[in-house]
Structures are given as structure tokens and as C-alpha cells.
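Input sequences plus hints: build the corresponding full structure.
Here's the letter readout for the chains.
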Amino acid sequence: MGTLLGNYYIDGKVFESNYEGMKKDREYSRNLSGREINSDLFSETIEAYSKIPFFEGRYTDTEEYQKYARQYSEIYHIIRRVYNINNMREISSIKKESLNNFYTIRQNLVEKAIDNTYMTEKEKVSSINLSRKVNIPFIYSYTGGYNRFFATMYPVAFLICFICTICISPLFAGEYSERMDSLIFSSKYGKSKMIWAKIFTGISFTVLICIVFTIVSYLTVMIFFGWDGIDSPIQLLFPLSIVPFTMGQIALLYSILILFGNLLSSSLTMVLSAKLKSPFIVLAIMTAITIIPGFINASEDVLWIYHLYNLIPARMFNITNIISIYSIDFLGLTLQPYVFIISFAIIASITLVPLVYRTYKKVN
Amino acid sequence: MELVIKGITKQFKNKTAVDNVSLTLREGVYGLLGANGSGKTTLMRMICGVLKPTSGNIKFNGIDVSEEKYRDLLGYLPQDFGYYPEFSAYDFLLYMSSLKGINRKRAKDKSKELLELVSLSDVAEKKIKTFSGGMKQRLGIAQALLNDPKVLILDEPTAGLDPNERIRFRNLISRLGRDRIALLSTHIVSDVEYIASTIFLMKNGQIIHKGPLDEIIRIIEGKVFECLVDSKTADYLMANYPIINIREESNKTLIRMVAENAPCESAVKVPATLEDLYLYYFNRRVTRDE
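Listed in order, the protein sequences are those of chains G and R. Position one of the first sequence corresponds to residue -13 (this note's numbering), numbered consecutively onward. Position one of the second sequence corresponds to residue 5 (this note's numbering), numbered consecutively onward.
A couple of the hints might just be wrong.
Computed cross-link-like contacts, SDA-like style, restricted to lysine to any residue with a CA-CA straight-line distance of at most 25 Å [as the list claims (entries may be wrong)]: (1) R:Lys73 with G:Arg165; (2) G:Lys263 with R:Glu72; (3) R:Lys140 with G:Ser163; (4) G:Lys179 with R:Phe91; (5) R:Lys73 with G:Tyr175; (6) G:Lys184 with R:Tyr88; (7) G:Lys179 with R:Glu90; (8) R:Lys56 with G:Ser178; (9) R:Lys131 with G:Glu164; (10) G:Lys184 with R:Asp76; (11) G:Lys348 with R:Asp68; (12) G:Lys261 with R:Ser59; (13) R:Lys109 with G:Met180.
Ranges of calculated distance between the beta carbons of each label pair, as one might list FRET restraints [said to hold, decoys possible]: (14) R:Gly105 with G:Val198: 32 to 42 Å; (15) G:Val198 with R:Asp126: 51 to 61 Å; (16) G:Leu145 with R:Pro167: 47 to 57 Å; (17) R:Ser125 with G:Val198: 37 to 47 Å; (18) G:Val198 with R:Glu90: 15 to 25 Å; (19) R:Lys17 with G:Leu341: 23 to 33 Å; (20) R:Ser26 with G:Leu341: 31 to 41 Å; (21) R:Val8 with G:Ile282: 55 to 65 Å; (22) G:Ile282 with R:Ser136: 48 to 58 Å; (23) G:Glu107 with R:Lys17: 49 to 59 Å; (24) G:Leu341 with R:Glu71: 19 to 29 Å; (25) R:Glu71 with G:Thr106: 31 to 41 Å.
Read the hints as simulated data drawn from the structure, not as lab findings. A virtual CB, placed ideally from N, CA and C, is assigned to each residue, including glycine.
Encoded structure:
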């Protein structure tokens, strides 16, 4: 919601509040909703942008942009990505024939990007085949709500991760710091049912927090930005994405990815909590595991390291795991990164849970 | 009812905390006396299944202490008793009841009964973090009795209790010891002197003496003397004999000590007590300046 606060200034004066700006852009987008993304729409966009005179500052500050071009800004974004426009002035140089071949040009660009990766031939073929399943032509719709949801969920995922880490770190280790361990281990259920109860608590807490935060984020964003676009193709936001999914499907997949990433993180936290006798050390280690990967990028030149690196819980929270051009050949199966990641998170979490039980039981 | 401790040893990195201890306990109250670091707490933790022995085994009526069936019959008050500060006394007992597998109805009744027994009914709803040390200790005793245990292990149970409370506690344990095994470890000799049917003396991880009070006292019976001497003689005696107690009186010193024969002319043989035996084994030599 932070993007709705504050104002947009032109020449040092308040032009409009960010909230009013969002409403205006939403109105413009809704006016274009239902229209096919084709050369006609592109031509209108180019014509509108061509009216913007040469200007030393931001072209968005000009009266011509506000009057003619602003309503086509979303379409301009698509043109920029597919036709590789770096400067707004270049838009006029796109030929009509090229506009007519938008989908062919887009597909060629996607296949070229796939071919330029270090994937194996099998993986490349899989990605290309997937990209050809994308439904065309695209029908434009306002998708501001989903755009904001995807942007919001990345920091929310980290927030969930931190909350779970803070709350789960003392789940087992806290019994030592509270000096309750002797009483617990000498009680009837202290070495059996109690441990399972704690594991259940850790998992259910994580699931509950994820669901609550996801629903709250979704509802809040949709209420303010609008519910439109659930059935629109993801390509309206990410034109070169190869996945044939709608905004709604991506939103669901992203939520599931974040859920399982956090479940894996919580499982790791529980193992450390069972092994170490200090909640603070557990918290420190998990904070490091969560934060440090954010500062280090794995190179895509060595794909197996890149894919492995994306199995760290904090790296799972990236939406690119869903919309990326990669396919992964694993033990003869060709999987999309999000399938690979979610499968890994499930298997790893299931493996870690009995380890929590055995570790805590054996620690004395 | 029989708790059999067979060849129990606990070895840590560079120390043998418990060294090949074998005991058989039946109904009654047992006292475990020993200095700090003698291995009492380690032994008790192994009896409670909290610590795994390096070698040996412990069984109650044939049930190994690692089994859940045994823990169902066990009540334990650890030496360093922890708690959840935000819990009330009543909630804490309810929580411990659930850990001990006691159903909710019975847990409520038993918790109220035990809070009454340990005189904590008035503060049942107050948070444990507001309790004094003695109140926390009484709460610890209460939780140990929740499941009506057949084996009651109490490690320094009277720490923090005032003399009145200690006497009440002694009487309680004495009654409880009739149809269960109660093992108390303590530094406070009077805690066990009057109620323990058998006393174990533990030193350097080993049981050095065991038996009823009158039997183990016999070790030093006839060997405890008291002398009222001058300063020079006092210094000599302190340097050459195990001293149990020193008391300065007007211009002389009353010394209580252990010796094979009368150490000086004025020495008077006095009846030995358990405290004499304890101090004889566990006290280092004292000097006049101390």
C-alpha cells in the first residue's frame, strides 16, 4: 500500500496523489480491457507516444503524455519488451509489418532466449514446447491488482519466514533455556507424544501464518487496486514468459510456492531447535540462511548450481521460479523450476520431520 | 516393587561422574548424601531416564527406565527446577498433568488437591515468576506427585524451604514412603536423618557406605571426641585430626573431631551423629582462621 501514499510532482508542484494516479491509470486500463493485443492497438499506442515532444526531463511530465500517451502505458510496456525498445523515441521506428508479426517476433525472441541458455537440448525442447502452448492472441485487461500482489508477496514471504523462525526457534531449544528439559524428559509423554505435538504445532503455525498473510495481502491489494484480470494471461505483465498460465493461476502457484518454502524453512528451524540448546543460536543461524542468499546471486552459467541455489528457502520466494524460461531435466523427468522446487520442499520437509523427532529424543 | 540399579557408570569427557553403582531399592524412604560433585544428580538423572548411562542398566519391576511405562510411574523433582514464567501455578500443574497422561478432570482435581497440600492454593492463579524460591520449590514437589508415582526421585527438595516447611515436607515424604520408593538427595542431613530407612553416602561417583542410620554411624561410633583446649593445642589438633566443628568459647576453643583414640587429656567421647559422619567424609580440613 506504500505505493499509494505520497504524491507525483511536476515542476515541484503536486500534480496528483499516487492514489489518484492509480485510479486514473486503472480507469485508462479498464477502457482498453477486452481488446486484442494486436497491430491496431500497437499503432494507436505508437501514434499517442509520437505526440510527446522532445523534452529534456521526464517525458511523463509533459502535457502530451498525460493527455494522449498515458492511457496506453501498459501497452507501451509490452512493445518495449518484445521490440527491445530502450528509448521512447525509438517506438516510432517500428514498422507496420513488424507490428503485424508481433506474436511471431515474440515467439522467436523467447526461443532465442531459450537457445542462449546452458540448458541441455532436452530441456530446451521442453521449454520451447511449453512456450508454444501460450494462448494467443492476448486479450488485454487491467491487472494492477495482480501486479501489486506479486510485488507484495515477495517481502511478505520473508516476513512470514522471520515470524515463523522467531516463534519456532524456542519450540525445542527453549525447554533447555527454561530448564524444563529434565521435567519433560522424565514425564510419560515427554519423549513421544509431546515431541509430535511440538512438530504439529510448528507445521500448523507455519501453514496458518502463510494462509492468513496471503489472504490478507490478496484482499488488501484487490480491494485497493481492483480484482480485474484473474483470467488474463501472465504475459500481460511478463511478455516473454513461457508459461501458459493466467494471473489467477500464477497467484495460486506463487502462494503455494511461498507456503512450501516456509514449511521447509520451519522444518529446518525445528531440526536446529531440537539439536541446539539455545533458541538464540537457532535464530541467528536461520536469519543468516534467510538473509545471506538475498545478497548473493548464483550464475546461470552453471545451471545445476543455479537450480540448487534456488532450493534455499529464501530463494524459493522469487516469482521467477514460476515464470522463468528454464526447464530442469531431473532423473529423466523434465520439470518446471516451480515443480522441482515444490517437490523438493515437500520431500525435504517430510525427511526433516522424523529427524526432528529422533534428534530431540537423542539429545541427552 | 523393586528398583534395581546394576553397574551404572556415567563417563563424561574427562570425568567419571558415576562409577559402577549397584543398588536395589524397595518400598521406603532412601537418603542419598554427598558433597557437590559427588555424582548424586547424575545418578538421579539416570534413574529418571533423563540421562543415558555409559554402561549398566536400571529397571523397575523389570521395566527399563527408558520405557514410557516406567515414566508413567515416576515422579521427579530436579535439582535445578525450571518453569514457564508466564504460567500460573494451576496452569503449570495442568500442563504437567497432560505430559504425564492424566485426563483433564482428574488433572483439575489433583492439581487443586496438591496445591492445598503444599500451601499454594491462595496463589494458584498467580504467575510463577512472582513466586519466591520456596514457593517454586513447593510447586515442584506438587508436580512430582501429580501421577501418584511409585518411584519418587527428589533432588535437593528442601532447597529454599524455611525450617517449618522442611519439617512439613519431611513428614509428607515419610507418609508417602510407606507404599512407594522415595529417594532424596540432599546436603541437609536432618532431612533424611529422621525419615530415611536407608542412607547412601556417595563420594567421587561411588557409594562408599549404605545402610540404616545406626549401622552406618557405627563407622565412627566411639571415635567422636570433644575437647575444650587452649589456642596452641587447638592449632595442633586442627593440623593433625579431621575436625568436625570448632566453637570459640571465652578464652578456650571447643573442638569436635574424629580420632581413633582420645587426642588429648581433656577429650570426651561423645555419641556420633549422621552429621559427624557427613562432615568426616565430605569436609576438608579447616583452619582456625576459617
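Results for each hint:
Proposed proximity of Lys73 of chain R and Arg165 of chain G is supported: the alpha carbons are some 24 Å apart, at most 25 Å. Between Lys263 of chain G and Glu72 of chain R the alpha-carbon distance is near 24 Å, which keeps this suggested pair within the 25 Å criterion. Between Lys140 of chain R and Ser163 of chain G, the direct Cα distance comes to roughly 17 Å. Compliance with the 25 Å bound is thereby established for this hinted pair. For the hint linking Lys179 of chain G to Phe91 of chain R, the alpha-carbon distance of about 21 Å falls within 25 Å, and the restraint holds.
Pair hint Lys73 of chain R plus Tyr175 of chain G holds up; C-alpha atoms about 10 Å apart against a cutoff of 25 Å. Of the supplied pair hints, the one linking Lys184 of chain G and Tyr88 of chain R holds, its CA atoms being roughly 16 Å apart against a limit of 25 Å. Proximity of Lys179 of chain G to Glu90 of chain R is assessed by CA-CA distance (about 23 Å); at most 25 Å being required, the pair is judged to hold. The suggested pairing of Lys56 of chain R with Ser178 of chain G holds, with an alpha-carbon distance near 17 Å, which does not exceed 25 Å.
With a CA separation close to 15 Å, the supplied pair Lys131 of chain R and Glu164 of chain G stays within the 25 Å bound. Restraint check for Lys184 of chain G and Asp76 of chain R: the C-alpha separation of about 20 Å stays at or below 25 Å, so the hint holds. With a CA separation close to 17 Å, the supplied pair Lys348 of chain G and Asp68 of chain R stays within the 25 Å bound. Taking the CA atoms of Lys261 of chain G and Ser59 of chain R, the gap is near 24 Å; set against the 25 Å cutoff, the hint holds.
Restraint check for Lys109 of chain R and Met180 of chain G: the C-alpha separation of about 20 Å stays at or below 25 Å, so the hint holds. A beta carbon spacing of about 33 Å between Gly105 of chain R and Val198 of chain G agrees with the range 32 to 42 Å that was offered as a hint. A hinted range of 51 to 61 Å is violated for the C-beta pair Val198 of chain G and Asp126 of chain R, which are about 41 Å apart. Checking the proposed 47 to 57 Å range against Leu145 of chain G and Pro167 of chain R shows it holds: the Cβ atoms sit about 56 Å from each other.
Between Ser125 of chain R and Val198 of chain G the C-beta distance comes to about 40 Å, which sits within the given range of 37 to 47 Å. At about 24 Å, the beta-carbon gap between Val198 of chain G and Glu90 of chain R stays in the expected band of 15 to 25 Å. About 26 Å separates the C-beta atoms of Lys17 of chain R and Leu341 of chain G, a value consistent with the hinted range of 23 to 33 Å. Judged by the Cβ atoms, the range 31 to 41 Å given for Ser26 of chain R and Leu341 of chain G holds: they are separated by roughly 37 Å.
One distance hint, 55 to 65 Å for the beta-carbon pair Val8 of chain R and Ile282 of chain G, holds here, with the actual separation near 58 Å. Remark: the range hint 48 to 58 Å for Ile282 of chain G to Ser136 of chain R is upheld by a beta-carbon distance near 53 Å. Here the CB-CB span from Glu107 of chain G to Lys17 of chain R is close to 57 Å, well matched to the stated 49 to 59 Å. One distance hint, 19 to 29 Å for the beta-carbon pair Leu341 of chain G and Glu71 of chain R, holds here, with the actual separation near 23 Å.
Judged by the Cβ atoms, the range 31 to 41 Å given for Glu71 of chain R and Thr106 of chain G is violated: they are separated by roughly 55 Å.
Consistency with the previously given hints fails for numbers 15, 25, ordered from lowest to highest.
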